[in-house]
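Peer 1: One letter stands for each residue in the lines below.
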Amino acid sequence: MNTIFYIAAAVALISTGLAITGRNAIHALLFLIVSLLAISIIFYILGAPFIAALEIIIYAGAVMVLFIFVIMMLNVGMERETENRWLRPRMWIVPVILSFILLIDFIMMMKGMPHHAISGRIIPPKQVGISLFSTYLLGAEIAGMLLLAGIVGAYHLGRQKKKVIHRFLQNEDDEINNTIQ
Amino acid sequence: MVTIPVEIQLLFAALLFLMGLIGLLVRRNVIFILMSIEIMFNSAGMVFVIAGSYWAQVDGQVMFIFMLTVTAAEVSVGLALILQMFHHFKTLDADKLSNLKDTN
Chain A
97 MNTIFYIAAA
107 VALISTGLAI
117 TGRNAIHALL
127 FLIVSLLAIS
137 IIFYILGAPF
147 IAALEIIIYA
157 GAVMVLFIFV
167 IMMLNVGMER
177 ETENRWLRPR
187 MWIVPVILSF
197 ILLIDFIMMM
207 KGMPHHAISG
217 RIIPPKQVGI
227 SLFSTYLLGA
237 EIAGMLLLAG
247 IVGAYHLGRQ
257 KKKVIHRFLQ
267 NEDDEINNTI
277 Q
Chain B
739 MVTIPVEIQL
749 LFAALLFLMG
759 LIGLLVRRNV
769 IFILMSIEIM
779 FNSAGMVFVI
789 AGSYWAQVDG
799 QVMFIFMLTV
809 TAAEVSVGLA
819 LILQMFHHFK
829 TLDADKLSNL
839 KDTN
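So the protein lines, in turn, are chains A and B. Mapped onto my numbering, the consecutive letters of the first sequence carry residue numbers 97 to 277. Mapped onto my numbering, the consecutive letters of the second sequence carry residue numbers 739 to 842.
Simulated from the structure, these hints should not be mistaken for lab results. Check the hints yourself; a few may be wrong.
[Stated by the list, open to error] The list that follows gives simulated cross-link-like pairs (lysine to any residue, SDA-like), each with its CA atoms no further than 25 Å apart:
| hint | chain 1 | residue 1 | chain 2 | residue 2 |
| --- | --- | --- | --- | --- |
| 1 | A | Lys-207 | B | Leu-819 |
| 2 | A | Lys-207 | B | Glu-812 |
| 3 | A | Lys-257 | B | Met-778 |
| 4 | A | Lys-207 | A | Arg-119 |
| 5 | A | Lys-257 | A | Ala-245 |
| 6 | A | Lys-257 | A | Phe-165 |
| 7 | B | Lys-834 | A | Leu-170 |
| 8 | B | Lys-834 | B | Leu-819 |
| 9 | A | Lys-222 | B | Gln-795 |
Here the structure is a predicted model, which means the values were calculated and not measured.
Required output: the full structure, derived from the provided sequences and hints.
Peer 2: Laid out in structure tokens, this is it:
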């Protein structure tokens, strides 16, 4: 089980790195899906099978499909001039070295502490459901209202406003344009 | 039986969050920025699940479900905003949107 965790963690980190550095948005999204699958394996190992399933169904299924849909709809080319200018080593090497020292500090501090193994107890979906709809009932209702607000907001923002111009005004607009030209 | 120390798992979640943060800071494409936010959300939720697994309680997983709801709402509104932005400015570069008013 431990080796499975480490393999999945390595796959998740590598594919996330490839996702955030990819040039093509679709390829980056595919790497992100691989990363989500690896994270789902980790959730399964941690004893959260329900969360592992939700990770695949909602993240890799719904959210990523939304992303792919928008990218295909926009059909955009990549603009990378600014990014290429920013990615010159001279600009980021000093802060990266300093933050890396801090990261080493952090890891050493954690290594000094006594190790705590996880309980490894599998929490079945039934318990999660009971807790969600009894202890956290108010939270579930608020989450529902948030989703409603999300739907209304997405509809309002994503609507293409139709331009309605009266015949007379349209001619006037053309005349104005002609005089300007 | 799983015997991975909880520190390693928290470190993994922190590294994932860090990758999302780097992507958010470095990339200028709005779609990539939104993807990086997704990665960060995911790693934050993972910390909840790790803590829930450590204490053998269900609360961590319930919190992850709430976080999933927030993410879904955020993504739908964010992608609608991206659509509007592309419709108005014909670009996805976040730097081109630094003005409040149209200059052209």
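Peer 1: A separate judgement is required for each hint: does it hold in the structure or not?
Peer 2: Here is how each hint holds up against the structure:
no., hint, in the structure
1, Lys-207/A <-> Leu-819/B, "44 Å, violated"
2, Lys-207/A <-> Glu-812/B, "37 Å, violated"
3, Lys-257/A <-> Met-778/B, "33 Å, violated"
4, Lys-207/A <-> Arg-119/A, "37 Å, violated"
5, Lys-257/A <-> Ala-245/A, "20 Å, holds"
6, Lys-257/A <-> Phe-165/A, "21 Å, holds"
7, Lys-834/B <-> Leu-170/A, "17 Å, holds"
8, Lys-834/B <-> Leu-819/B, "15 Å, holds"
9, Lys-222/A <-> Gln-795/B, "13 Å, holds"
In this structure, the earlier hints numbered 1, 2, 3, 4 are contradicted, and the remaining ones agree with it.
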